[in-house]
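Here are the chains, one letter per residue:
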Amino acid sequence: MKRKSFLLMMSIILVLSMFIAACSSKDAGSGEGKGEGNPEYGGHVTLSMFSAPKGLFNIIFYEDQYDNYVLNYTTESLWAYDDKMQLTVPLLAEKWELSDDGKVVTITLRKDAKWSDGEPITTDDFIFTWETIASKEYTTEAKAPRYYAVEQIKGAAEMHEGKADSLSGVKKIDDHTMEVEFTEATANALDNLWPSPIPKHVFDGMSVVEMKNSGASRNAGEIVTSGAFKFKEAKKNEYVILEKNPHYYVEGRPYLDEIHLKVMTQDVAMGALKNEQIDFLGQINPAEFDTIKKMDHVTIKETQDLAYQYLGFKVKNPKLSNKKLRQAISYGINRKAMVDGLLRGHGTVLNQHMPDASWAANEKLKDAYPYDPEKAKQILEEAGYKDVDGDGFVEDPDGKKLEISLDYPTGNPVRERSAILIGEDLKKIGLNIKVKSPRDFESHSDAVQKDKVEMWLMGWSLVPDPDPSGIWGSKANWNYPRWENKKSDELMKKAITELDQEKQKEIYAEWTELVSEEAPYVFLYTQNRIEAWNNRVKGVTFDWRGAIEHYKFIDWWIPKDLQ
Amino acid sequence: MAQYIVRRILISIPMLLIISVIVFTISQLAPGDAFTGQLDPKLDAEYFEEMRRAFGLDKHPVEQYYMWFTNLLKGELGISFSYKLPVSDLIVDRIGNTIFLAFCSLVLTYGLAIPLGIFSAQRPYSMLDYTMTTTSFVLLSMPSFFAGLLLIYLFSFTLEWFPFSGTQTMGAGYTGISYVIDKLHHVFLPAVTLALISIASYTRYIRSSVLDAKKQDYVRTAFAKGLASSVVLRKHVLKNALLPLITLFGLDLGVFLSGAVITETIFTYPGLGQLYIESITNRDYPIIMALSMMGAVCVLVGNLIADILYAVVDPRIRYD
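Top line first, the protein sequences correspond to chains F and E.
For the first sequence, the working numbering assigns the number 1 to the initial residue and increments by one for each residue that follows.
For the second sequence, the working numbering assigns the number 1001 to the initial residue and increments by one for each residue that follows.
Hints were generated in silico from the structure; no laboratory data involved.
It is possible that part of the hints are untrue.
Said to hold, decoys possible - Lysine-lysine pairs mimicking DSS-like chemistry, simulated, CA-CA at most 27 angstroms apart:
{"hint": "1", "chain 1": "F", "residue 1": "323", "chain 2": "F", "residue 2": "475"}
{"hint": "2", "chain 1": "F", "residue 1": "434", "chain 2": "F", "residue 2": "386"}
{"hint": "3", "chain 1": "E", "residue 1": "1042", "chain 2": "F", "residue 2": "494"}
{"hint": "4", "chain 1": "E", "residue 1": "1042", "chain 2": "F", "residue 2": "450"}
{"hint": "5", "chain 1": "E", "residue 1": "1042", "chain 2": "F", "residue 2": "475"}
{"hint": "6", "chain 1": "E", "residue 1": "1042", "chain 2": "F", "residue 2": "103"}
{"hint": "7", "chain 1": "F", "residue 1": "336", "chain 2": "F", "residue 2": "366"}
{"hint": "8", "chain 1": "F", "residue 1": "475", "chain 2": "E", "residue 2": "1059"}
{"hint": "9", "chain 1": "F", "residue 1": "136", "chain 2": "E", "residue 2": "1084"}
{"hint": "10", "chain 1": "E", "residue 1": "1042", "chain 2": "F", "residue 2": "493"}
{"hint": "11", "chain 1": "F", "residue 1": "232", "chain 2": "F", "residue 2": "538"}
To be verified - One side of the interface only, derived from the structure: several residues of chain F facing chain E at Cβ under 7 angstroms:
{"hint": "12", "residue": "236"}
{"hint": "13", "residue": "264"}
{"hint": "14", "residue": "265"}
{"hint": "15", "residue": "446"}
To be verified - Across the chosen pairs, the derived CB separations fall in these ranges:
{"hint": "16", "chain 1": "F", "residue 1": "252", "chain 2": "E", "residue 2": "1184", "range": "39 to 45 angstroms"}
{"hint": "17", "chain 1": "E", "residue 1": "1052", "chain 2": "F", "residue 2": "452", "range": "14 to 20 angstroms"}
{"hint": "18", "chain 1": "E", "residue 1": "1180", "chain 2": "F", "residue 2": "82", "range": "48 to 54 angstroms"}
{"hint": "19", "chain 1": "F", "residue 1": "463", "chain 2": "E", "residue 2": "1011", "range": "54 to 60 angstroms"}
{"hint": "20", "chain 1": "E", "residue 1": "1074", "chain 2": "F", "residue 2": "173", "range": "50 to 56 angstroms"}
{"hint": "21", "chain 1": "F", "residue 1": "371", "chain 2": "E", "residue 2": "1070", "range": "55 to 61 angstroms"}
{"hint": "22", "chain 1": "F", "residue 1": "210", "chain 2": "E", "residue 2": "1154", "range": "45 to 51 angstroms"}
Computed from a predicted model, the values in this text were never measured in an experiment.
For glycine and all other residues, C-beta sits at the position ideal for the given N, C-alpha and C.
Whole structure, please, built from the sequences with the hints as guidance.
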């Protein structure tokens, strides 16, 4: 008896202490209201990285997303997108002008821009950068992935094949003016042109592989940067400390002395935000929104992300080649329930490849394919899908049993649960869907690429340039449905060669409607980009790209008493 | 004895070969390769073909294995697909952290399990003994990712005593003794997480081993001689009960590497375990192969050491 009561007491104490621990979180440093006051200098912000950067801090060679995350603060581009996703903000380029035929752009650089070692940033640096990327060794020896970003410059193909030593399409006029000639006039020539230089005076004379492996690409002390911050210290696999670049050209910026980036798992990052151990948190799950919103010292904001989830059909599979069946499935999935339930409202139902935030979005498709199981059944019936043998599931028009499989990967909890909902919804319209067990992303991706699936779930992350041909071109590698359509190819080609954006928008409207009608995908939803930051950081700009990766981070500041 | 050791080492060689073939086959059987997960609409099929060719992934698996093996004989572990750096560099960067973690966790394990086990055996079936037994079972059944998160919650977020990631304070630039203290401060929670399960099992092991020894005739004789109970405990009971522990150490060598996989991931502690997990998701088989082989060598060497130590501490065991 005595023993039992002791154990009981121990467990009560244990439970109580956990409860008390849960309640005693500190609530210091709450927001100071909206009037942010005059910016003050000094201090640092801390950001989290959910996996370690690979430590290749060279903008033309990196491949890791967290290398990029760090480089974002140390790299200046020619230009940036504005809040409407138009390429209009001048950074290193003071101005740029396209010739009337759209084939030549004349770029004028700022004269006051300097590298972090004090050397001026000139047209030589840009020409050097483009020629490095275009060179044969860049792809074959250094195994780096960015040739696509110079491909459209005249003479790039010759360099890539090893037949030329320089880009015939790039002309230096003086240290701050240059002309770039493209092989053809396209609307997205500037979006595609590689915008960030590497310092010629540092890398000149090295082979491409030497550049990639040199200390100037990897060692904090040796890396020369073009952006507002430079490297102070990088502890491999643990953290990176950036410090103010004293030679940065924007007058009086940045306000912060340092930016600290620390590796921690996503599981603990929210606790670290709460305990004020980090100042910014990105990639927040919708399920955590309300918890973070309750923290007094934190601002949380959301915006539609440039990424979406879809249900794909392998249209060459005889089971799925009937457009009517695909349309019926589009009507038969309750996508609004996914957004309201799984995403808790932090997302949007999608009906096209272009997200709402893009200028190319087609307003007319906003309500295409509303959830309508009756209509779905009717379409199936009309197309000859009838339940012949009375087992509750429809047979195909030839009267044969129809079972369609659905594959999906692990790793995204919302997507995993949506697979189950899709299976349930489609059962209700009489389709026999076999929802497979999820596989890890690489295995899933392998099966999708090799056409070993029938229906599958996946997502895309987009860039502001709306050109969809990389994903939708009939011969494109990434055209996973293997949907081949001449009209679609023509429209995409027409859109890209149309330099007037209003007309381009009309062409994309026609294209999105064609895709919607043919339904090689059911577009499911876009999950909002949700980011939060400690209120001690002022001057934060938040738009379609969020706050953390916004080029206006140079305006971030912290009041003296909170530094 | 020397002959026995030589024979054991010779047997290990074909064993390692077989292990390498099995690991290689499994990593080849996993669907996809290092580039399957890289979905970037800007990269075309040509780029991927070129990369697969550059890394030899377009070759037949047997040929790939042959290349890996001949490189190994030359002392090269290959180039990582995802880091695009020599695997040996990646291992050198991290091995120190893993050894330090394993060492601290061993110190904790032995430092706590021995006194707790003896203490428990001294007062068998008492309330304290029951408490310890219950706690051991709770710890044994607690998955280490859960234990790790619980420790982070209690000691990092609530009490703010210990850091929850990394191996040293960001940008502090400590040197000398404060550097060591900082390292210990960071390794503490991961080491505890890693040690919890072995502390629990060792405590149980030592408890029963001591209880067994106490029932032996020579212990009764010692008491009958009129020796003080502390002397009996030290000279007769513990000596016999604890000697087998030495051999457990050998068997643990491999276990610590496997345990570190989860612990290092939770605490983002940059060691080999974390690298291993990452390389499996990335289908980065040069790393998978190198680390699996290291693990295999550790287990084989550990077993050999255990067997040798058996013979050393227990004269009844002989190898001819």
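Verification of the supplied hints:
1. 323/F to 475/F: 20 angstroms, holds
2. 434/F to 386/F: Holds, at about 19 angstroms.
3. 1042/E to 494/F: Within the cut-off at roughly 19 angstroms; holds.
4. 1042/E to 450/F: 19 angstroms, holds
5. 1042/E to 475/F: 14 angstroms, holds
6. 1042/E to 103/F: Given that 27 angstroms is the threshold and the Cα spacing comes to 21 angstroms, the pair holds.
7. 336/F to 366/F: Between residue 336/F and residue 366/F the Cα gap is close to 13 angstroms, so the pair holds against 27 angstroms.
8. 475/F to 1059/E: Satisfied, since the Cα-Cα distance of roughly 25 angstroms is no more than 27 angstroms.
9. 136/F to 1084/E: 18 angstroms, holds
10. 1042/E to 493/F: 16 angstroms, holds
11. 232/F to 538/F: Measuring from Cα to Cα gives roughly 23 angstroms; hence the hint holds.
12. 236: Check passed: Cβ of residue 236/F comes within 6 angstroms of chain E, closer than 7 angstroms.
13. 264: 4 angstroms, holds
14. 265: 6 angstroms, holds
15. 446: Residue 446/F check passes; min Cβ-Cβ to chain E is 3 angstroms, inside 7 angstroms.
16. 252/F to 1184/E: 39 to 45 angstroms: With Cβ atoms ~43 angstroms apart, the hint holds.
17. 1052/E to 452/F: 14 to 20 angstroms: With Cβ atoms ~19 angstroms apart, the hint holds.
18. 1180/E to 82/F: 48 to 54 angstroms: With Cβ atoms ~52 angstroms apart, the hint holds.
19. 463/F to 1011/E: 54 to 60 angstroms: Given range 54 to 60 angstroms: holds, Cβ gap about 57 angstroms.
20. 1074/E to 173/F: 50 to 56 angstroms: 52 angstroms, holds
21. 371/F to 1070/E: 55 to 61 angstroms: 60 angstroms, holds
22. 210/F to 1154/E: 45 to 51 angstroms: Holds: the Cβ-Cβ distance is about 49 angstroms, inside 45 to 51 angstroms.
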